[in-house]
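Let the sequences and hints guide you as you build the complete structure.
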Amino acid sequence: MKRRTLLASAALAASLGTAAFAQDPTKACFVYVGPIGDGGWTYQHHQGALALKEEYGDAVEIAWQESVPEGADSERVLTQMALSGCDIIFTTSFGYMDPTNAVAAQFPDIKFEHATGYKREHPNVSTYNARFYEGRAVVGHIAGKMTQTNKIGYIASFPIPEVIMGINSYFLHAQKANPDVELVVTWAYTWFDPAKEADAARAMLDQGVDVITAHTDSTAPLAEIAKEGGSAWGFGQASDMAAFMTNDDGTPGPRVASIIDEWAPYYIKRVGQLMDGTYEQIDSWAGMPEGEVVIGEMTDAIPADVQAEAQAMIDAITAGEYHPFTGPINRQDGSVWLAEGEVADDGTLLGMDFYIEGITGEIPN
Amino acid sequence: MIALEKRPQPSQAWTWATPVLAVLLTMLVGGLMFAALGTPPVEAIRTIFWDPLFNPQFASYSRPQLLVKAGPLILIAIGLSLGFRAGIWNIGAEGQYIMGAVCGAAVGLAFYPAESVLIFPLMVVAGALGGWAWAMIPGLLKVKFGTNEILVSLMLVYVAESVLASVSSGLLKNPDGMGFPGSRNLKQYPSGANPELIAGTGMHWGVVAAFIVVILAYVLLTRHVLGFHIKLSGAAPRAARFAGVNPARMILFCLGTAGALAGMAGLFEVSGPAGQITIDFNSGYGFTAIIVAFLGRLHPVGILLAGLLMALTYIGGELAQLMLGLPGAAIQLFQGMLLFFLLATDVLTNYRVRLSNKAKGTV
Numbered sequence: 001m002k003r004r005t006l007l008a009s010a011a012l013a014a015s016l017g018t019a020a021f022a023q024d025p026t027k028a029c030f031v032y033v034g035p036i037g038d039g040g041w042t043y044q045h046h047q048g049a050l051a052l053k054e055e056y057g058d059a060v061e062i063a064w065q066e067s068v069p070e071g072a073d074s075e076r077v078l079t080q081m082a083l084s085g086c087d088i089i090f091t092t093s094f095g096y097m098d099p100t101n102a103v104a105a106q107f108p109d110i111k112f113e114h115a116t117g118y119k120r121e122h123p124n125v126s127t128y129n130a131r132f133y134e135g136r137a138v139v140g141h142i143a144g145k146m147t148q149t150n151k152i153g154y155i156a157s158f159p160i161p162e163v164i165m166g167i168n169s170y171f172l173h174a175q176k177a178n179p180d181v182e183l184v185v186t187w188a189y190t191w192f193d194p195a196k197e198a199d200a201a202r203a204m205l206d207q208g209v210d211v212i213t214a215h216t217d218s219t220a221p222l223a224e225i226a227k228e229g230g231s232a233w234g235f236g237q238a239s240d241m242a243a244f245m246t247n248d249d250g251t252p253g254p255r256v257a258s259i260i261d262e263w264a265p266y267y268i269k270r271v272g273q274l275m276d277g278t279y280e281q282i283d284s285w286a287g288m289p290e291g292e293v294v295i296g297e298m299t300d301a302i303p304a305d306v307q308a309e310a311q312a313m314i315d316a317i318t319a320g321e322y323h324p325f326t327g328p329i330n331r332q333d334g335s336v337w338l339a340e341g342e343v344a345d346d347g348t349l350l351g352m353d354f355y356i357e358g359i360t361g362e363i364p365n
Numbered sequence: 001m002i003a004l005e006k007r008p009q010p011s012q013a014w015t016w017a018t019p020v021l022a023v024l025l026t027m028l029v030g031g032l033m034f035a036a037l038g039t040p041p042v043e044a045i046r047t048i049f050w051d052p053l054f055n056p057q058f059a060s061y062s063r064p065q066l067l068v069k070a071g072p073l074i075l076i077a078i079g080l081s082l083g084f085r086a087g088i089w090n091i092g093a094e095g096q097y098i099m100g101a102v103c104g105a106a107v108g109l110a111f112y113p114a115e116s117v118l119i120f121p122l123m124v125v126a127g128a129l130g131g132w133a134w135a136m137i138p139g140l141l142k143v144k145f146g147t148n149e150i151l152v153s154l155m156l157v158y159v160a161e162s163v164l165a166s167v168s169s170g171l172l173k174n175p176d177g178m179g180f181p182g183s184r185n186l187k188q189y190p191s192g193a194n195p196e197l198i199a200g201t202g203m204h205w206g207v208v209a210a211f212i213v214v215i216l217a218y219v220l221l222t223r224h225v226l227g228f229h230i231k232l233s234g235a236a237p238r239a240a241r242f243a244g245v246n247p248a249r250m251i252l253f254c255l256g257t258a259g260a261l262a263g264m265a266g267l268f269e270v271s272g273p274a275g276q277i278t279i280d281f282n283s284g285y286g287f288t289a290i291i292v293a294f295l296g297r298l299h300p301v302g303i304l305l306a307g308l309l310m311a312l313t314y315i316g317g318e319l320a321q322l323m324l325g326l327p328g329a330a331i332q333l334f335q336g337m338l339l340f341f342l343l344a345t346d347v348l349t350n351y352r353v354r355l356s357n358k359a360k361g362t363v
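Same order as they appear, the protein sequences are chains Z and W. Its first residue numbered 1, the first sequence is counted upward by one per residue in this note's numbering. Its first residue numbered 1, the second sequence is counted upward by one per residue in this note's numbering.
Calculated directly from the structure, the hints in this document are not laboratory data. No experiment lies behind these values; they were computed from the predicted model shown. Among the hints, erroneous ones may be present.
[Unchecked claim] Lysine to any residue pairs mimicking SDA-like chemistry, simulated, CA-CA at most 20 Å apart: (1) W/K173 / Z/H323; (2) Z/K151 / Z/A226; (3) Z/K27 / Z/D58; (4) W/K187 / W/G177; (5) Z/K53 / W/P327; (6) W/K231 / W/F84; (7) W/K187 / Z/Y118; (8) W/K173 / Z/Y118; (9) Z/K119 / W/M178; (10) Z/K196 / W/S162; (11) Z/K119 / W/Y189; (12) W/K187 / Z/N101; (13) W/K187 / Z/K151; (14) W/K231 / W/D346; (15) W/K173 / Z/V163; (16) Z/K176 / Z/Q307; (17) W/K173 / Z/T251; (18) Z/K119 / W/K173; (19) Z/K119 / W/R354; (20) Z/K53 / W/M323; (21) Z/K151 / Z/D353; (22) W/K6 / W/R354; (23) W/K173 / Z/T116; (24) Z/K27 / W/P327.
In structure tokens, the structure reads:
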């Protein structure tokens, strides 16, 4: 009799335990470098976080902190998140790399996921990034076809491999579409500063550039392009920026397409793995095939045949049939980088520190 | 009718009561704002002011963090307060902070990977010199050409930011960093690191320096003739001149001291909590320190308290974002209110409020 009660109470305790476990949601936390309303990079990460919540409902709880400066402040924010009971923490900017690893060392039971970095110093740190250059290839093709002045522009943030890769991909495909095209690169030295971004766009427009893509996070370049009244075009960056598809007066807006960072598939996959116990440390670099890089709706400002070509390129990249960096491609100095039919390896791309042939100007350092 | 009557002397009592009143008003109006955002106001205020200090889940971590956050604020604000008292308006501490960090880190990285106990002191000196030199630019321009130090020092912040971006993706870039911007991590270089001195206290050399500077500034202002001259220059520039104060030397001294202290704060931060020179290394300490200086009534002890209070609103603000989902902008607004109410209530220090009725007035 005694034994039976003991067993019964043990069973009760066990069932209580699992019930408590089932009710205890997995907490996913997000650290953002900008405000969630930036309309670009951070906004898109937040959309991914919201999609994660939507997918799992009550099983997942999300928390976030926006505009967290990189450096010492982020280390404190991460520690406080870890203390507050987060099970997995996504740090969504390159500058959080060292703080992420430092805090991860102190909380081995919590998973850390760092976007766009390369350091995984502890088993609980994974890194993830997207192959944005695939999107640059498509908009590069559109830019090459659409420019009337044969001058296209790129608002660059910082001279890092990620950005140089984007510039090369953009120019390479613009040049394939239009051999006379000339690329103007303007360095803004910021990720998010609407005033500086608008200045950069204005400076290029004044030089006769009529198609601009940006590697910064705000919508300011599109707003600046809109002032040209239909003689210059741009692309949504990081987010769809669909608000710029049509102007207030109903005329076609400056945004003709966009490169969308779609983080939701990754966030849903990783948190799902954490919940079902299949989570492992990884270094993820996914693109169009996985649905992490998406080209937003093309507007009718783009001629129909160009739209079809762009769509064909999207389909080829998505199917894994085409790699945007396929030779022959020469370096800026004329030396051979990729021979005919050769495809760039990821290592070279991730450390890219040179322009391809045809781009004028130098990479600042 | 409410009338304001100028006091013959600024009220001593109100000088110290207005910061407290400003904090209370900020809590009140901030609480209304939080309520309007749909967050229970009492809970929000408690999360900001109480949880970092006493919440069992966070306090053991966030209490030491108060010192980490307050250290650079106090160090910079003390330097600024000397100039503000003398009527010299250095708004560019942020730039001096950056240049101190860059120069100090450059010295440390130049010795990498050599180990010596002399390296860190050298870095501190280089940091101070870097900040000092950056502050000398508006100083010398003002002395020689009569330029406005407010504009020049502020504009030099943007120049310093460009220098920072340039060196972190060029000169000081980590050679093992795969081409990414950012220097080596000084925390992983024992001779160049500014570690926590006693584990779990948050105390690092920058915090120690801040406390020492508070004491030195107090002695300077109360016991030393130079302190008297600083106050005199601000209160009565003509009288100061008659008393033999050389205005040019006063400008250079105040800007130089503020620059050197800001530079040191930058060095302590880059070698300690931040660890590395990166493009976005600066996070506004130089500007926030202006608020701290005024909140502390330009008095060393007041600045010490104001620095801790400001740090509390930062850390508590982060907690409120995380735990209550308050938007980051609401926290910034809350901090801005603090300065706004302080300046608004300052009127009580210099003016007496008289409630008079009209009838009396017409007699």
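### Task
Take a quick look at whether W/K173 and Z/H323 sit within 20 Å of each other, Cα to Cα.
violated (31 Å)
### Query
Taking only the CA atoms, is the gap from W/K187 to Z/N101 under or equal to 20 Å?
Between W/K187 and Z/N101 the Cα gap is close to 13 Å, so the pair holds against 20 Å.
### Message
Against the 20 Å threshold, does the CA-CA distance of Z/K53 and W/M323 hold or violate the hint?
### Response
holds (17 Å)
### Query
Regarding the pair W/K173 and Z/T251, is the alpha-carbon distance no greater than 20 Å?
Violated - the C-alpha atoms of Z/T251 and W/K173 are around 47 Å apart, more than 20 Å.
### Task
Given the hint that Z/K119 pairs with W/M178, test it: the Cα-Cα distance must not exceed 20 Å.
holds (11 Å)
### Message
Given the hinted pair Z/K196 and W/S162, is their Cα-Cα distance within 20 Å?
### Response
Holds. Z/K196 to W/S162 sits at ~13 Å (cutoff 20 Å).
### Query
Are the Cα atoms of Z/K119 and W/K173 separated by 20 Å or less?
Since the Cα atoms of Z/K119 and W/K173 sit roughly 16 Å apart, the hinted pair holds (cutoff 20 Å).
### Message
So if I understand the rule, the pair passes when the alpha-carbon distance is 20 Å or less; does Z/K27 with Z/D58 pass?
### Response
Holds - the C-alpha atoms of Z/D58 and Z/K27 are around 10 Å apart, at most 20 Å.
### Task
Starting from W/K231, check that the Cα of W/D346 is at most 20 Å away, please.
Judged against 20 Å, a Cα distance of about 19 Å means the pair holds.
### Message
Does Z/Q307 sit within 20 Å of Z/K176, going by the straight-line distance between their CA atoms?
### Response
Given pair Z/K176, Z/Q307 holds - Cα atoms ~16 Å apart, limit 20 Å.
### Task
Could you grab the alpha-carbon distance between Z/K119 and W/R354 and see if it respects the 20 Å cut-off?
Violated: Z/K119 and W/R354 sit about 65 Å apart, past 20 Å.
### Task
Below or equal to 20 Å on CA atoms is what counts here, so check W/K173 against Z/V163.
Status holds; Cα separation ~17 Å.
Going through the hint list in order, the structure does not satisfy hints 1, 13, 17, 19, 21.
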